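> One-letter residues, chain by chain:
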Amino acid sequence: MNVKKTYPWYFALGAIIIYFILCFLPGVVGLFYSLTDWNAYSKEVNYIGFKNYLDIFKGNSQYGTFIWNTLTFTLVTTILKTVVGLGMALLLTNKLIKLSSFHRMVVFSPQVMSYLVVGLVFKSLLHPSTGFVNNFLAGVGLEFMKRNWLTDLHLAFNTVMTVDTWKGAGYIMVIMIAALQSISPTYYEAAGIDGASYWHKFRYITFPLLKPIIINATILNVTYGLRVFDMVYALTNGGPGNATGVINTAVYKEFSRGNYAMGTTLSSVLFIFVLAILYFIIKAMENKEVDA
Amino acid sequence: MRKVFALTMAALMTTTIFAGCAGAKSAAPSETGKPATEEAKEESKPAESKKGVTLTFGSHQSGLPTTGIVQSLAKEFEAETGNKIDFQISPDAQWRDLIKVKLNSGEAPDIFCVDADPLSLNSRISPADNVLPVTNEEFVQRMDPNVLPSISYNKEVYGITFPGKKMYYYIYNKDIFKELNLTVPTNYEEFKKVCQTIKDAGITPIYEATQNGWHQVLPLFESGPMYAKKHEGLYDKMNKNEANLDDIPELLTIIKQLKEFADLGYYGDNFLSNTFENAKAAFANKEAAMVMAETGWAFEVIADFPEMKLEQMGIFVMPWGDNQIVGVNPASNAYFINKKSENADVALEFFKFLARPENLQKRLDGQPGILDVCWPEVPSRYPADFKTYIDGLEKGTVMQAAVSYVDSQWMEVGKDLEDMYVGAITPEQLVKIIADRRDEQALLQKDPAWAK
Chain A
41 MNVKKTYPWY FALGAIIIYF ILCFLPGVVG LFYSLTDWNA YSKEVNYIGF
91 KNYLDIFKGN SQYGTFIWNT LTFTLVTTIL KTVVGLGMAL LLTNKLIKLS
141 SFHRMVVFSP QVMSYLVVGL VFKSLLHPST GFVNNFLAGV GLEFMKRNWL
191 TDLHLAFNTV MTVDTWKGAG YIMVIMIAAL QSISPTYYEA AGIDGASYWH
241 KFRYITFPLL KPIIINATIL NVTYGLRVFD MVYALTNGGP GNATGVINTA
291 VYKEFSRGNY AMGTTLSSVL FIFVLAILYF IIKAMENKEV DA
Chain B
73 MRKVFALTMA ALMTTTIFAG CAGAKSAAPS ETGKPATEEA KEESKPAESK
123 KGVTLTFGSH QSGLPTTGIV QSLAKEFEAE TGNKIDFQIS PDAQWRDLIK
173 VKLNSGEAPD IFCVDADPLS LNSRISPADN VLPVTNEEFV QRMDPNVLPS
223 ISYNKEVYGI TFPGKKMYYY IYNKDIFKEL NLTVPTNYEE FKKVCQTIKD
273 AGITPIYEAT QNGWHQVLPL FESGPMYAKK HEGLYDKMNK NEANLDDIPE
323 LLTIIKQLKE FADLGYYGDN FLSNTFENAK AAFANKEAAM VMAETGWAFE
373 VIADFPEMKL EQMGIFVMPW GDNQIVGVNP ASNAYFINKK SENADVALEF
423 FKFLARPENL QKRLDGQPGI LDVCWPEVPS RYPADFKTYI DGLEKGTVMQ
473 AAVSYVDSQW MEVGKDLEDM YVGAITPEQL VKIIADRRDE QALLQKDPAW
523 AK
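Chains as they are written, first to last, in our numbering: chain A, 41 to 332; chain B, 73 to 524.
Just so you know, the hints here were simulated from the structure itself, not pulled from any lab data. Note that the structure is a prediction, hence the values are computed from the model and not measured. For glycine and all other residues, C-beta sits at the position ideal for the given N, C-alpha and C. There's no promise every hint is true.
Not everything, but these chain B residues come out facing chain A in the computed CB check (under 8 angstroms) [claimed, not checked]:
| # | residue |
| --- | --- |
| 1 | GLN166 |
| 2 | SER195 |
| 3 | GLU304 |
| 4 | GLY305 |
| 5 | GLY337 |
| 6 | GLU500 |
Listed below are the simulated SDA-like cross-link pairs for lysine to any residue, each with C-alpha atoms no more than 20 angstroms apart in a straight line [stated by the list, open to error]:
| # | chain 1 | residue 1 | chain 2 | residue 2 |
| --- | --- | --- | --- | --- |
| 7 | A | LYS91 | B | GLN517 |
| 8 | B | LYS381 | B | THR460 |
| 9 | B | LYS237 | B | ILE161 |
| 10 | A | LYS163 | B | THR460 |
| 11 | B | LYS122 | B | PRO137 |
| 12 | A | LYS98 | B | ILE161 |
| 13 | B | LYS518 | A | VAL85 |
| 14 | B | LYS504 | A | LYS83 |
| 15 | A | LYS83 | B | ILE161 |
| 16 | B | LYS424 | B | TYR461 |
| 17 | B | LYS250 | B | ASP519 |
| 18 | A | LYS163 | A | ASN134 |
| 19 | A | LYS163 | A | MET185 |
| 20 | B | LYS174 | A | SER82 |
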């Protein structure tokens with residue numbers, strides 16, 4: 041026990057109570073409601089066991105697609121945002137790049153726009169006949185690359201993930217830049233004297249020292265990815281058909297149908313996913329943290 | 073001593089925060105069951121009309137005429153009463169979900185527009201919980217009695233509606249038909265041949281507006297009278313849970329035909345991105361030869377593209393599944409007042425304003441897309457050509473206005489059809505999905521017919 045600690049534990053009591061009541065308790069209550077038939081048409085709430093969970097995971101339900109889409113979205117956007125964000129950060133901390141602050145602002149700017157605005161703007165840009173993208177491709181002689189970006193079954197979800205990466209990579213870039221700037225230049229100088237190449241410096245200095253930040257960025261991306269709603273809703277509304285639906289669009293749909301219990305069940309599934317995935321990420325973080 | 077002080081401080085801080093929370097809950101239900109703020113407002117309500125109020129009016133795109141006539145009337149209302157209407161318009165494909173979520177979370181606008189029909193009103197907006205009844209208002213007596221069931225629930229009238237009965241046809245460009253020597257199709261095979269000829273001429277045969285979510289669903293349920301004619305007592309059996317959508321072979325046939333048309337390219341290449349709002353331009357510019365719409369839509373085209381003349385446009389019954397009966401839908405969109413609104417009285421004033429005879433006439437005149445309103449005091453204006461054709465047709469009630477749990481899943485069926493068009497599901501799977509959804513909704517609402 042650290043006898044020199046400044047504050048006793050009960051100073052955190054207020055925060056703990058608030059967290060418990062406002063964050064933890066609703067989650068537990070949600071789990072309880074997921075075991076009932078709670079809906080908009082009846083005042084009664086009856087216990088029905090795990091029926092809602094069985095409905096989600098049984099054979100040919102659409103929920104399976106939504107869960108799969110959510111996990112795919114999370115994995116792909118996390119990787120893309122981290123890679124693009126890190127790449128941009130490396131590029132824009134390089135002294136060879138002029139006006140780097142301006143470039144950083146440009147790359148970061150999509151982050152401050154609302155998801156709805158981004159969704160509507162891209163919906164217009166990606167319209168197959170009147171949109172900028174297809175008309176631009178036709179204009180520069182790349183007619184064969186024109187696509188139905190948001191209505192082609194095989195493309196729509198990729199498009200959504202790309203737009204989301206475009207919007208979110210700037211944020212990750214800013215975090216990475218802050219981390220990169222905190223690495224002491226003496227490491228690089230010493231490595232340079234030893235004849236290390238750019239790649240070697242990145243591999244043996246930058247990357248290990250960035251690891252804690254990359255893990256934090258991953259946590260942010262994963263929790264966002266699992267909870268994604270607005271981007272999908274604004275861009276495709278889950279379409280074509282239900283091809284780009286995710287857990288939260290399904291939750292929204294169930295609430296609007298008046299089937300609160302099913303909406304809560306889906307939320308609970310998400311809650312459990314988030315908790316489980318975060319647990320493993322934090323465990324990994326504890327084991328692999330590197331001191332700068 | 074320090075420990076005691078620290079503990080006291082921690083307890084005090086926590087209490088202060090919760091005291092703040094309690095303060096925010098002043099609108100919680102009181103003993104009478106009404107929110108305290110509402111009660112106070114009722115008590116302090118001035119005798120004369122309020123002024124300077126801004127009412128929020130939520131609607132989907134199709135709920136308000138694109139000509140802006142309702143907004144113009146709202147301006148007149150503002151000039152007269154000093155109360156403003158703030159219109160909040162959402163995309164068609166999102167509104168049904170959005171308004172339900174808003175109602176369920178207590179964030180609904182003061183006035184909201186929803187599609188209303190006798191069977192879905194309760195599941196859509198739970199009027200008894202959310203809507204101010206207007207049963208005893210003078211204007212209710214002046215509305216066509218045939219539309220009242222659509223805006224009523226448990227003997228209470230809840231809304232106000234304007235459009236007359238709806239009938240959907242294919243509106244076609246007579247010039248294109250004449251140039252290509254085509255005649256109006258009366259069955260599916262003829263329809264296919266007509267479309268192929270038009271497609272061969274480099275024109276999109278049919279403008280299908282899939283983005284809106286509702287348009288593609290029309291052939292399935294507007295053909296209801298044909299199903300009902302072929303299967304006696306069908307609607308009744310469906311409402312008694314003795315038959316479901318998968319018991320109607322003609323429905324599956326029509327769905328397969330829709331898929332065939334999509335695959336043959338009769339809707340064009342980008343129909344999944346098409347919106348109904350752009351149909352007029354495509355039709356007027358001869359990019360598309362046919363559009364499924366109400367007859368009044370022809371006048372909207374003329375209003376936006378004056379070079380188009382009524383003589384250039386004709387109508388014919390949708391020949392899906394060789395159908396030749398036109399479906400009549402007495403239901404339409406209607407406006408409702410949020411019961412929990414602080415300004416429900418001002419909203420009611422607005423309804424009374426809209427229902428004035430001169431404003432009803434203004435509304436009909438200002439909305440070329442409708443040819444009559446459901447207010448008998450305002451004469452209709454069907455053109456003679458259309459009237460003669462329509463009068464000669466066999467008619468019946470559309471399925472969504474007569475069979476439960478059909479209209480409530482309209483937008484979802486629109487998505488299912490998209491799924492089918494992109495190859496994610498087959499027509500057979502689609503029929504099963506929508507039949508199962510009926511069962512699911514009925515069970516959720518504890519429909520006695522499904523309890524057996």
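> Looking back at the hints listed earlier, which ones does the structure fail to meet?
3, 4, 5, 6, 9, 10, 11, 12, 14, 15, 16, 17 and 18
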